[in-house]
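Fit chain B to the supplied structure of chain A, relying on the hints for placement.
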Amino acid sequence: MTRPGAARGREDLVAKVVAITSGKGGVGKTTTAAAFAAGLALRGHKTVVIDFDVGLRNLDLVMGCERRVVFDFINVINGDANLNQALIKDKRNDNLYIFPTSQTRDKDALKREGVERVLEELKQQFDFIICDSPAGIEHGAVTALYFADAAIIVTNPEVSSVRDSDRIIGILASRSRRAERNEPPVETNLLLTRYDPARVAKGEMLTVEDVQEILSVPLLGVIPESESVLRASNTGTPVAFDEDSPAGRAYLDAVARFLGEQREMRFVQPERRGFFRVLFGRA
Amino acid sequence: MRIHGMRLLNLVFPPRPKSAAIAKERLKIVLAHERAGSHAPDFLPRLQKELIDVVGRYVEIRDDMIRVSLDKAGETSLLEINIEIEGAKPKVKPLGSAVPA
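These protein sequence lines map, in sequence, to chains A and B. With the numbering used here, the residue at position 204 of the first sequence is 204, and numbering never jumps. With the numbering used here, the residue at position 52 of the second sequence is 52, and numbering never jumps.
Because the hints were derived from the structure by calculation, they are not lab data. Hints may be right or wrong, so weigh each one.
Claimed, not checked - Just some of the chain B residues that point at chain A, by a computed CB distance under 8 Å:
1. Pro14
2. Lys18
3. Ser19
4. Ala21
5. Arg26
6. Leu27
What the hints assert, rightly or not - Among the chain B residues that face chain A by a calculated CB cut under 8 Å, a handful are:
7. Lys24
8. Leu31
9. Ala32
10. Pro45
Quick caveat: nothing in here was measured; it's all calculated off a predicted structure. Built from N, CA and C at the ideal position, the CB exists for glycine as well.
Looking at chain A on its own, in the form it has when it is part of the complex:
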C-alpha cells in the first residue's frame, strides 16, 4: 500500500494509532506510554508519543525533554505552529519523537476535527502514534481513545483500577470511531503494572489470572513493581531504555508481543531470595 509522502521503507506499513488508557489515575499510563514508545523505537519503528493530558503536562518530564518544549499539541491543532516545529526528537534514539501538550489550556481545547487532522498528518511520517490518555472518562480521555486502532489498558491488581479498566473497555467498544463506523473493533490489550509476585503468593494481591479472567481481554504483559520505574522518571529516561531493570525488560517483552512475537511471561513468580539475601536483607 503506497501512500504519497510515506517515509522511506514503510510503504507496506499502515500507521497505527495506539491509545494508552486506564480510567483510573496513577496506575502508570505515562510511564507505559514512554516505555512503549521507547521500546518500539528500539525495535526500529518510527514512533511518536503524544501527551493528551492537556493542562497536566507530564510526558515531557518522564521523557526528559521538558526544557525543549516550545510549541505544543494545542498550538498545532489551532494552526499557530506546524507539526515539525512542535515535534521534539529524542536525543537517545533517532526513531523516537515526543509531542508535548499545553500546560495552560484545558482539555476542551482538544477539538476532535483538529485532533483528527494532526493524527492524519502524523500517519504520513510515523509507524506508531502512541496516545498518552488523561485519567477519567471525560472529553480528554475519550478524545485520546476515539481514533485508536489499538488500545493498551493499564491496570493495577487492585479493585478500583480493575473496575475503571472495565469501564474504559466498554467505552472503547461503544464510543471509539471504529465502533461508531462499525469497523473491526479496537485491538484491546491488558497491561498489568505494579505487580508484586510476593504479595500475590501470600494471597494479598489479585493474581494476573484473576484480573485477566475478570476483564477478559488478551494479556500483553505484566510489569513488576520495581524501583527502576521511579529511578527512570527521576532522571527523565523511559524505563525501557534501562534494559538491566526488571520493569525495563518486562516492557520490552510487552512491546515484542505487541509486534506479534511469542514471549514467555517473566516476573510473575516471587523472586527466589538466596541465603545471604535473606540474612542481610535486600542486597
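Quick look at chain B alone, frame taken from chain A:
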C-alpha cells in the same frame, strides 16, 4: 508433625480468607451488574414515598417505618421492603365511606 500443628492452630484460630479472593469475588459481582447496565435503580426513593402513601391510608405510619433496600447476591437481585406496623394505629375511617382506591 508440623502439619498437625498447623491444623490444630487453624482449628483454634481459623485462618481469615485471603483478601485477594475477597477482592475478586466483589469485583465479579459489581462488574456483572455494571455491565448489564443495572446500576442501583433510581426509583427506590419514589417507591418508598408511594408505599408510605398507600400504607398510610390504612394505618398511621411514619416515614421511618418503611425500609426499602436492594441486595445483590451473585447473579440475583433482591428488592426487600420492610414495613413495621407493630403498634401502628389503624386509621379511623369515617362511617359509611369506603377506603379510597
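* May I ask which of the numbered hints given earlier this structure violates, with the numbers listed in increasing order? => 1, 9 and 10
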